[in-house]
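Generate the whole structure from the sequences, applying the supplied hints.
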Amino acid sequence: MSASTSSTPAIYGLTAEFVNPSELVAAANRARIAGYRNMDAYSPMPIEELNEALALPKTRLPRLVLAGGIAGTVLGMGLEYWASTIAYPMNIGGRPEFTWPSFIPVAYETTILGAALSAVVGMIVLNGLPQPYHPVFNAPRFHRASQDRFFLCIESADPQFDRQGTEQFLKGLGPQEVTEVAW
Amino acid sequence: MADAHASDGRVRPLVIEPGHSFESVTGSISEIVLTQKPTKGWFLGLTIGFALLMGLLLAIMNLLVTGIGIWGNNVPVGWAFDIINFVWWIGIGHAGTLISAILLLFRQQWRTSINRFAEAMTLFAVACAALFPLLHTGRPWLSAFWLFPYPNTMGLWPQFRSPLIWDVFAVSTYATVSAMFWFVGLIPDLATLRDRATSPVQRTIYGALAMGWRGSAMHWQRYETAYLLLAGLSTPLVLSVHTVVSFDFSVSQLPGWHATVFPPYFVAGAIYSGFAMVLTLAIPLRKFYKLTDFITMHHIHNMAKVMLVTGLIVSYGYMNEAFFAWYSGNNFEQFMMKNRMFGPYGWAYWLLISINAGVVQLFWFRKVRDNIGLLFVLSIVVNIGMWLERFVIIVTSLHRDFLPSSWAMYYPTRWDFTMYFGTIGLFVSLLFLFIRFLPMISIFEMRTMVPEAKVHDEKLEAL
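First to last, the protein sequences are chains A and B.
If you're matching positions, the first sequence starts at 1 in my numbering and goes up one per residue.
If you're matching positions, the second sequence starts at 1001 in my numbering and goes up one per residue.
It is possible that some hints are incorrect.
As the list claims (entries may be wrong) - Pair ranges (Cβ atoms, derived):
1) T1153/B / E97/A: 18 to 26 Å
2) G174/A / T1035/B: 31 to 39 Å
3) L75/A / F1106/B: 30 to 38 Å
To be clear, the hints were calculated from the coordinates, so they are not data collected in a lab.
Backbone N, C-alpha and C define an ideal beta-carbon position, used for all residues, glycine too.
This is the structure in structure tokens:
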């Protein structure tokens, strides 16, 4: 891989296509061990083992969801407090205006709503979706990444990336096919 | 969603028939949407649903023009079909969330092939349910400031101490979260449909909905995290929704409603009727769309068993109600129970008891659980039983008021029935459109059931 061939065309990267998750995970492991970092795997279903194989960082989504849940509680309870003591206080037989036990059900629901909204919106936004264009779709057989094939893509942005060397490396992993991904 | 531990040595019942590959799973589910021509049966079903839906529109129009006097409910039975049908529909919806969320947390793999259409069922059932309280206000456009907290020109704010407002928040949160859960589950499948589309129209629509999903490993990680968290959030949510629905009754001081057993009894009843509806839908779907490889007898058995368990909990609720009416020593409670059993609506009470506490015992027998035709009939019978349960709880508690001078009978009018069957039409129409345009089984989750999906580490060890 250290061969420094020049005239690298401006491409997004190289993809290797595999037929099952075991091969993809093995390939991703080898690529990581070989020192590649800017790479991604594409699969038609979640593969837990890839998190380790690609050394993926842990998502910060759970913290976001916690914050969303807390915000939901505070906003829900705050709304009830404000509505029933400031905006529209009602004296019912001299009972207190801020009857918090009877405010729990609504605050409970707004907690769940806040957390669920931040889980969904957070997942979509952190994933950078909606994204109408991504170069990896230029790989000729990439439409099967959502069906029955498993792709490993080493990106040209990787410091170790080398048009020929990386291609040789990927071919050595036993893929169906190695193809170039245009920008 | 993650692979189960096959290493525990137990023989696992089939959640997918053998011989399937990623391609065969993807192909056989997506072709229903992409390439198959709709059958005559589909058109027939949609036509029936659509005709009933037209009845609903007619009933709503008449309601808005004339007023809620077209219904049979009147003092003392101020709540009747509107709340019976509301509770019935909401309850049906609960099975969808149970399957998609609770069974996911318990790592029940068999949920995979039934969760998509069960979630769709939830959404459509909640839509039908929400119509009833909204229309019961008679002037739904005014209900905005009765129900929702927003700064209006009258300076009014909702009464947050009222269970009815809790209900508004519970049901609208439930509808929102169910819709999000459903859509998130659909994203990878929409990408599959985009990539297999046979026409530019399909590609554009599914492509836009898939939002550019490409199955990247980091995306899947966030996706799985979000999905699991949503399941964790939906679980307390679904339990709270029917609990809050039961508060509509149990917080009041009416004999027959004011009971502490209501929340668990309502939640169990909801799941019971919901699974009955899932069976009612799953049995014809798997037959007509040839999905017996994915919705196996194992699924049918499990659903029957869930119905048995929840049916027994509901039966316990009935016993509990009767026991406490007697044990309370309270005249009004005892009268209510006596009237419920032997009063003018006694037939409804005994019919519901014979279904929900009697017929449900048939699910003990493997022979019954194996008999698809019988199960289909029983699932409909159970739904009728659960409808009767709500009828009995609501009408018999109201029609004998504290003051005998205001006692009256409740008779539903044809508009009550038009509206009720109209919502069934809405439900059926939405369901038929759903199975035509979206994959009714989660394709990407079914791929994880294929034996090849398990990652073998041999190659790793060789490194």
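To see whether the hints hold, each was checked on the structure:
1. T1153/B / E97/A: 18 to 26 Å: Once the Cβ atoms are compared, 23 Å apart, the range 18 to 26 Å for E97/A and T1153/B holds.
2. G174/A / T1035/B: 31 to 39 Å: holds (33 Å)
3. L75/A / F1106/B: 30 to 38 Å: Hint holds: Cβ distance 32 Å, inside 30 to 38 Å.
Hint compliance for this structure: no hint is broken.
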